[in-house]
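Number of protein chains: 2
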Amino acid sequence: MAEDREALSTELDRIRLQLQALQAKTGTQDITIGQYLLTRLAQLGVTSMFGLPGDFNLGFLDLVEDHPTVNWVGNCNELNAAYAADGYARIKEGTLGVITTTFGVGELSAINGIAGAYAEMVPVLHVVGVPSTTQFKTRPMLHHTLGDGRFDVYEVAVSPFVAYQAHIMKKSEAASEIDKAITECITKSRPVYLTLPTDMVYQTISSERLHIPLSPNFPPNDPSKEAFVIDQIYDRVTEAQGDVVVIVDACVIRHCSRKEVADFLKATSFPVYATPMGKTAVDENSKRYGGIYVGNLTDPEVKEKVESANLIISIGSLLSDFNSGNFSYNIPIRRHIELHSGHTQVQYAIYENIGMKQMLPKLTERLEHFHAIAKNLPVPAFVKQLPHQDTAVISHLWFWPRMGYFFRPKDVIVTETGTANFGILDVPLPEGSILVNQILWGSIGWSVGSCLGAALAARDVGMERVILFVGDGSLQLTVQELSPMIKSGLRPIIFVLNNRGYSIERYIHGKHRKYNDIADWKWTNLLDTLNDHSNYDVESYTVTNKMELSDLLDNSTFANAGKMQLVEVIMDALDAPDALQRQAELTGKGNAYSAK
Amino acid sequence: MAEDREALSTELDRIRLQLQALQAKTGTQDITIGQYLLTRLAQLGVTSMFGLPGDFNLGFLDLVEDHPTVNWVGNCNELNAAYAADGYARIKEGTLGVITTTFGVGELSAINGIAGAYAEMVPVLHVVGVPSTTQFKTRPMLHHTLGDGRFDVYEVAVSPFVAYQAHIMKKSEAASEIDKAITECITKSRPVYLTLPTDMVYQTISSERLHIPLSPNFPPNDPSKEAFVIDQIYDRVTEAQGDVVVIVDACVIRHCSRKEVADFLKATSFPVYATPMGKTAVDENSKRYGGIYVGNLTDPEVKEKVESANLIISIGSLLSDFNSGNFSYNIPIRRHIELHSGHTQVQYAIYENIGMKQMLPKLTERLEHFHAIAKNLPVPAFVKQLPHQDTAVISHLWFWPRMGYFFRPKDVIVTETGTANFGILDVPLPEGSILVNQILWGSIGWSVGSCLGAALAARDVGMERVILFVGDGSLQLTVQELSPMIKSGLRPIIFVLNNRGYSIERYIHGKHRKYNDIADWKWTNLLDTLNDHSNYDVESYTVTNKMELSDLLDNSTFANAGKMQLVEVIMDALDAPDALQRQAELTGKGNAYSAK
Numbered sequence: 001m002a003e004d005r006e007a008l009s010t011e012l013d014r015i016r017l018q019l020q021a022l023q024a025k026t027g028t029q030d031i032t033i034g035q036y037l038l039t040r041l042a043q044l045g046v047t048s049m050f051g052l053p054g055d056f057n058l059g060f061l062d063l064v065e066d067h068p069t070v071n072w073v074g075n076c077n078e079l080n081a082a083y084a085a086d087g088y089a090r091i092k093e094g095t096l097g098v099i100t101t102t103f104g105v106g107e108l109s110a111i112n113g114i115a116g117a118y119a120e121m122v123p124v125l126h127v128v129g130v131p132s133t134t135q136f137k138t139r140p141m142l143h144h145t146l147g148d149g150r151f152d153v154y155e156v157a158v159s160p161f162v163a164y165q166a167h168i169m170k171k172s173e174a175a176s177e178i179d180k181a182i183t184e185c186i187t188k189s190r191p192v193y194l195t196l197p198t199d200m201v202y203q204t205i206s207s208e209r210l211h212i213p214l215s216p217n218f219p220p221n222d223p224s225k226e227a228f229v230i231d232q233i234y235d236r237v238t239e240a241q242g243d244v245v246v247i248v249d250a251c252v253i254r255h256c257s258r259k260e261v262a263d264f265l266k267a268t269s270f271p272v273y274a275t276p277m278g279k280t281a282v283d284e285n286s287k288r289y290g291g292i293y294v295g296n297l298t299d300p301e302v303k304e305k306v307e308s309a310n311l312i313i314s315i316g317s318l319l320s321d322f323n324s325g326n327f328s329y330n331i332p333i334r335r336h337i338e339l340h341s342g343h344t345q346v347q348y349a350i351y352e353n354i355g356m357k358q359m360l361p362k363l364t365e366r367l368e369h370f371h372a373i374a375k376n377l378p379v380p381a382f383v384k385q386l387p388h389q390d391t392a393v394i395s396h397l398w399f400w401p402r403m404g405y406f407f408r409p410k411d412v413i414v415t416e417t418g419t420a421n422f423g424i425l426d427v428p429l430p431e432g433s434i435l436v437n438q439i440l441w442g443s444i445g446w447s448v449g450s451c452l453g454a455a456l457a458a459r460d461v462g463m464e465r466v467i468l469f470v471g472d473g474s475l476q477l478t479v480q481e482l483s484p485m486i487k488s489g490l491r492p493i494i495f496v497l498n499n500r501g502y503s504i505e506r507y508i509h510g511k512h513r514k515y516n517d518i519a520d521w522k523w524t525n526l527l528d529t530l531n532d533h534s535n536y537d538v539e540s541y542t543v544t545n546k547m548e549l550s551d552l553l554d555n556s557t558f559a560n561a562g563k564m565q566l567v568e569v570i571m572d573a574l575d576a577p578d579a580l581q582r583q584a585e586l587t588g589k590g591n592a593y594s595a596k
Numbered sequence: 001m002a003e004d005r006e007a008l009s010t011e012l013d014r015i016r017l018q019l020q021a022l023q024a025k026t027g028t029q030d031i032t033i034g035q036y037l038l039t040r041l042a043q044l045g046v047t048s049m050f051g052l053p054g055d056f057n058l059g060f061l062d063l064v065e066d067h068p069t070v071n072w073v074g075n076c077n078e079l080n081a082a083y084a085a086d087g088y089a090r091i092k093e094g095t096l097g098v099i100t101t102t103f104g105v106g107e108l109s110a111i112n113g114i115a116g117a118y119a120e121m122v123p124v125l126h127v128v129g130v131p132s133t134t135q136f137k138t139r140p141m142l143h144h145t146l147g148d149g150r151f152d153v154y155e156v157a158v159s160p161f162v163a164y165q166a167h168i169m170k171k172s173e174a175a176s177e178i179d180k181a182i183t184e185c186i187t188k189s190r191p192v193y194l195t196l197p198t199d200m201v202y203q204t205i206s207s208e209r210l211h212i213p214l215s216p217n218f219p220p221n222d223p224s225k226e227a228f229v230i231d232q233i234y235d236r237v238t239e240a241q242g243d244v245v246v247i248v249d250a251c252v253i254r255h256c257s258r259k260e261v262a263d264f265l266k267a268t269s270f271p272v273y274a275t276p277m278g279k280t281a282v283d284e285n286s287k288r289y290g291g292i293y294v295g296n297l298t299d300p301e302v303k304e305k306v307e308s309a310n311l312i313i314s315i316g317s318l319l320s321d322f323n324s325g326n327f328s329y330n331i332p333i334r335r336h337i338e339l340h341s342g343h344t345q346v347q348y349a350i351y352e353n354i355g356m357k358q359m360l361p362k363l364t365e366r367l368e369h370f371h372a373i374a375k376n377l378p379v380p381a382f383v384k385q386l387p388h389q390d391t392a393v394i395s396h397l398w399f400w401p402r403m404g405y406f407f408r409p410k411d412v413i414v415t416e417t418g419t420a421n422f423g424i425l426d427v428p429l430p431e432g433s434i435l436v437n438q439i440l441w442g443s444i445g446w447s448v449g450s451c452l453g454a455a456l457a458a459r460d461v462g463m464e465r466v467i468l469f470v471g472d473g474s475l476q477l478t479v480q481e482l483s484p485m486i487k488s489g490l491r492p493i494i495f496v497l498n499n500r501g502y503s504i505e506r507y508i509h510g511k512h513r514k515y516n517d518i519a520d521w522k523w524t525n526l527l528d529t530l531n532d533h534s535n536y537d538v539e540s541y542t543v544t545n546k547m548e549l550s551d552l553l554d555n556s557t558f559a560n561a562g563k564m565q566l567v568e569v570i571m572d573a574l575d576a577p578d579a580l581q582r583q584a585e586l587t588g589k590g591n592a593y594s595a596k
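Keeping their order, the protein sequence lines are chains A and B. Counted from 1, the first sequence has number 331 at position 331 by UniProt numbering; the numbering is strictly sequential. Counted from 1, the second sequence has number 361 at position 361 by UniProt numbering; the numbering is strictly sequential.
Simulated from the structure, these hints should not be mistaken for laboratory data. Check the hints yourself; a few may be wrong.
Pairs of lysine to aspartate or glutamate, EDC-like flavour, derived with a Cα cap of 16 Å [said to hold, decoys possible]:
no. : chain 1 : residue 1 : chain 2 : residue 2
1   : B       : K511      : A       : E11
2   : B       : K522      : A       : D528
3   : B       : K589      : A       : D199
4   : B       : K487      : A       : D520
5   : B       : K487      : A       : D517
6   : B       : K362      : B       : D231
7   : B       : K522      : A       : D532
8   : A       : K514      : B       : D532
9   : B       : K137      : B       : D152
10  : A       : K171      : A       : D152
11  : B       : K511      : A       : D13
12  : B       : K357      : B       : E226
13  : B       : K563      : B       : D532
14  : B       : K137      : B       : D199
15  : B       : K514      : A       : E93
16  : B       : K266      : B       : E431
17  : B       : K514      : A       : D537
18  : A       : K514      : B       : D13
19  : A       : K487      : B       : D520
20  : B       : K266      : B       : D390
21  : A       : K259      : A       : E93
22  : A       : K522      : B       : D532
23  : B       : K514      : A       : D520
24  : A       : K522      : B       : D537
25  : A       : K487      : A       : E539
26  : A       : K511      : B       : D13
27  : A       : K522      : B       : D528
28  : B       : K266      : B       : E368
29  : B       : K546      : B       : E368
30  : A       : K514      : B       : E11
Remember, predicted model here, so these are calculated numbers, not experimental data.
With the rest of the complex left out, here is chain A:
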């Protein structure tokens, strides 16, 4: 009886909260702070919230669970949840990823995922349920504290990795602080940290501000300065006689400038190349697209074309070691123009606060008459032939081009740091497909959580298949996150590259070292083991040679991805894509265990 009453009372709460949420949408009546936050997130298109329950966030989770459009995705741990929020934000442009954790233990577990989102410029909001404002003053020796009354240490720890921190300590400031936090997150495309004390969640505030939706707050380019910069660029292009190539990079994607760049390229017809982190920023099937430029690790024909152009315009570049052939760009500053989200550089001159997203449409107009010249500039065909190999063993040399025939438009392809990130580079991806990787931060295991978030976002935005490539070593770090994928009814295809260890590390150092080995799990048992009550349709396969893999890829039931599938791909422990071998050699030298 008591149980019944409690269940009924929970149901009553549910309905009451839904009612409040709806009322808040339509009027200016009071709303709880928790509801205010959720309404803001829903306005921006957030449909999934990641995280775990913990005793300082449970009251807020009541609101989430009862929200009509924001869905609580219970993750298996907080690091994975942060990765998922990151993956979600990467696919669903214009919105943000949200993770909710609890004070101390939960939030600290997520910190590597937050730092990764910072490095890679992904808008992730980290909501942390914390003790009450009273407890923040009296600082009792609560569990999840260090036992010494220092309640502020977690915000200190996270501070290098967030663009803004909001602490909701007064109801009078709650709405403006929430708005500021979210605006900073989507404007800077960086993580933001927001603490929500237990006693603040249900405080009521006016819902009036909700009538004005939030949007990114980009500082406008100064018109006169922008015109000057456009003149400068025009003059350089004229001097170059239209012999211009464009390199697109990560920040085109991160700062939502894909469309502006596509328009620019279409109007001007300049040849275009992408960096590893910029791959799929532009359509890889365009005749004007020549493939990947990555400094000295570039295909020789592409390298010659890029580096011999009279002028190179880089858009959104991010020159990290793995994204630049270990800093081996061979582009003299005199022939280089860089468009960034917050500044522009023409040769040696830096123009602060001239952002690419706003300038690009005007630049397009100004440069479009070069189309006539530029359309005749030759661009190497970006194709990847399937090589003939006598052996049946699945080599990287064969595997990646073979996958090229498997991909379809609107695929979301997630690649893990390691062999996958390098193997995918030379494979042309179909129009409208999106590649997701974490080349700068490079935290192994990230792709699994990220795939969960990406798949949820993909469902929202009408993308189709989600395909993950992850090594066995990396999958071990975050394996439990397959479970929420199953439970959410997602249907990714997961290729587990089983090479019995950390092959990327083997190439950097310790090729025959045991510390690079891992336990060989029964990979094809995993989905079944993690399947909630066997409620979901899942299937796993092992492929040990080229023919088995080809047959599977050609099987339309498999390829149509009607259920969650895992494919264990047996590969040699000492095989790796060429690009990785060359990059690893450079990294190994940089590490310089020199006195040895």
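Once you've looked at the hints, dock chain B against the given chain A.
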């Protein structure tokens, strides 16, 4: 052929490094900085090092892999590795736990485990392989950085959670910095952070300092002040007419004072009780031991005995919410003496720098004549009868006393935050057994990594079975760490309390909420799925009722723990130990989602 040559060359390196390590032990010749560090750790009895390879620590890992007595335990992820180092240090008194990770991604993943070791006062050394000293100056945009040249942010992030940081940036300071780092770690019984740049690992330094072994550097008690304090205590005991009870707590264990306390109790015969975190600090089978004191949540008979004593001496107390019945100690300061690791409090007077470990032998001598009086003070028998219940369902009320009959001397018992931490409290544990829990920090999932470390340490110190109690919800956070347990040939018995979710949270808030549900895995498939090539003997069981569990516990093959075993225990989602129910109610009130 090239492969052969490479393998031979690796073997040559191995032998050369072993030779160097041995030479260093016997002479004063030069030694590499990496070897110096390992020699120091080996001198202190470190036999296992936890962590993952990453490209900035691989050179150091060569040395670890080749070390004759320090064994590399490859973990599945860094958080789990930190938990394992914590578990190792808790069991192996006088030594420290060591985790090695890589710059940025690796070290940040471990930070929650490090913070937990700080809160709970466990000596864990975190060695981080970082870029070269040159790169620290030039700060290129390496992977694992934020892309903005801030190489020092990770040390900022970890700073609130470590007692000391050592950065080995010059070979001339390497030996003294390493010695300082290790000494601080074992003296303060807190984590220490040590960065090892790639170009420092193989620099050679003199091995001369190694002839003087390191030891904890406790400041001596001032003799005159200590004598004064002992007089004060003597007077209070005399006034109390010997009617004294002792409460032992966490810091007796953390500051290695078990022996001093045991001698004190034997000599004086004072009745003794333990807090939840102090459980197994003293022998629970002693006739003078009366069970657990935890404020208002204490068994009424024990509560009356403790709170009515004329004088209460607390040793090593740590009054966190879950360790004190939510701060409900009913012990007036006038009747209270507290002995701590770094100070002593007699009634209202605080005596700084009078530490218990050094004072206790003298206090024992001074108070032993109270034995004649104290031996007659009544102590409630600490027993737990198996209750009769009509239902076959395995209830917490029955489960924990039933486990009492299963435990043996020299068992290591690890309990997870949640139902297990509370259920174990009332069960008397055998002489020489050790209970390991994380009541203050309370990070769910901790017990799994900790169990790995505890089991490796247990093997070293001659403890016998290792028994883990973990809920299904908690196990999901860190499940992969079962894999290194298997691969290390460990044989823990793991009881998975399957109550389909986060029951501790259900009791705090959201009893019927979906966010407290988890996916129901096939728990008995786990060991098989994670078993490296099926190389190890493992077995799993499900018990759904009391009889099945009892039969299993009575089976000597099972009980002798000859292989790794997992027992899924089916329990009701809304069942919990009494103590948890009462604690959760208090915590839920503290959280005060008040406006609701």
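Cross-check of the supplied hints:
Between the alpha carbons of K511 of chain B and E11 of chain A the distance comes to roughly 12 Å, so the proposed pair stays at or under 16 Å and holds. Pair hint K522 of chain B plus D528 of chain A holds up; C-alpha atoms about 8 Å apart against a cutoff of 16 Å. A distance of roughly 11 Å separates the Cα atoms of K589 of chain B and D199 of chain A; the hinted pair therefore holds under the 16 Å criterion. Between K487 of chain B and D520 of chain A the CA atoms are separated by roughly 10 Å; this keeps the pair inside 16 Å, and the hint holds.
With a C-alpha separation of about 11 Å, the suggested pair K487 of chain B and D517 of chain A falls inside the 16 Å cut-off, and the hint holds. At roughly 11 Å between alpha-carbon atoms, K362 of chain B and D231 of chain B fall within 16 Å of each other, so this suggested pair holds. Annotation: proposed proximity of K522 of chain B to D532 of chain A holds, straight-line Cα distance about 8 Å (limit 16 Å). Taking the CA atoms of K514 of chain A and D532 of chain B, the gap is about 14 Å. The hint holds against a cut of 16 Å.
Proposed proximity of K137 of chain B and D152 of chain B is supported: the alpha carbons are some 11 Å apart, at most 16 Å. Of the pairs offered as hints, the one joining K171 of chain A and D152 of chain A is violated, with about 20 Å between alpha carbons and a cut-off of 16 Å exceeded. Distance hint between K511 of chain B and D13 of chain A is fulfilled; the C-alpha atoms sit about 13 Å from each other, no more than 16 Å. A C-alpha spacing of about 12 Å is found between K357 of chain B and E226 of chain B, which places the hinted pair at or below 16 Å, so the restraint holds.
As the CA atoms of K563 of chain B and D532 of chain B are separated by approximately 14 Å, the hinted pair is consistent with the 16 Å bound. Note on K137 of chain B and D199 of chain B: the hinted pairing holds, with a Cα-Cα distance of about 13 Å set against a maximum of 16 Å. Distance restraint check for K514 of chain B and E93 of chain A: the Cα-Cα separation of roughly 29 Å exceeds the 16 Å cut-off, and the hinted pair is therefore not satisfied. Of the pairs offered as hints, the one joining K266 of chain B and E431 of chain B holds, with about 15 Å between alpha carbons and a cut-off of 16 Å not exceeded.
At most 16 Å may separate the alpha-carbon atoms for a hinted pair to count; K514 of chain B and D537 of chain A exceed this at roughly 22 Å. Note on K514 of chain A and D13 of chain B: the hinted pairing holds, with a Cα-Cα distance of about 14 Å set against a maximum of 16 Å. Taking the CA atoms of K487 of chain A and D520 of chain B, the gap is near 10 Å; set against the 16 Å cutoff, the hint holds. The suggested pairing of K266 of chain B with D390 of chain B is violated, with an alpha-carbon distance near 42 Å, which exceeds 16 Å.
Among the hinted pairs, K259 of chain A with E93 of chain A is consistent with the structure: their alpha-carbon atoms are about 12 Å apart, no more than 16 Å. Between K522 of chain A and D532 of chain B, the direct Cα distance comes to roughly 8 Å. Compliance with the 16 Å bound is thereby established for this hinted pair. A hinted pair counts as satisfied when its Cα atoms are at most 16 Å apart, and K514 of chain B with D520 of chain A does not qualify at roughly 35 Å. Using a Cα cut-off of 16 Å, the hinted pair K522 of chain A and D537 of chain B holds, with the two alpha carbons roughly 15 Å apart.
The suggested pairing of K487 of chain A with E539 of chain A holds, with an alpha-carbon distance near 14 Å, which does not exceed 16 Å. The suggested pairing of K511 of chain A with D13 of chain B holds, with an alpha-carbon distance near 13 Å, which does not exceed 16 Å. For the proposed pair K522 of chain A and D528 of chain B, the alpha carbon gap of about 8 Å is at most 16 Å, so the pair holds. Taking the CA atoms of K266 of chain B and E368 of chain B, the gap is about 9 Å. The hint holds against a cut of 16 Å.
The suggested pairing of K546 of chain B with E368 of chain B is violated, with an alpha-carbon distance near 47 Å, which exceeds 16 Å. Pair hint K514 of chain A plus E11 of chain B holds up; C-alpha atoms about 12 Å apart against a cutoff of 16 Å.
Violated hints for the displayed structure, listed by number in ascending order: 10, 15, 17, 20, 23, 29.
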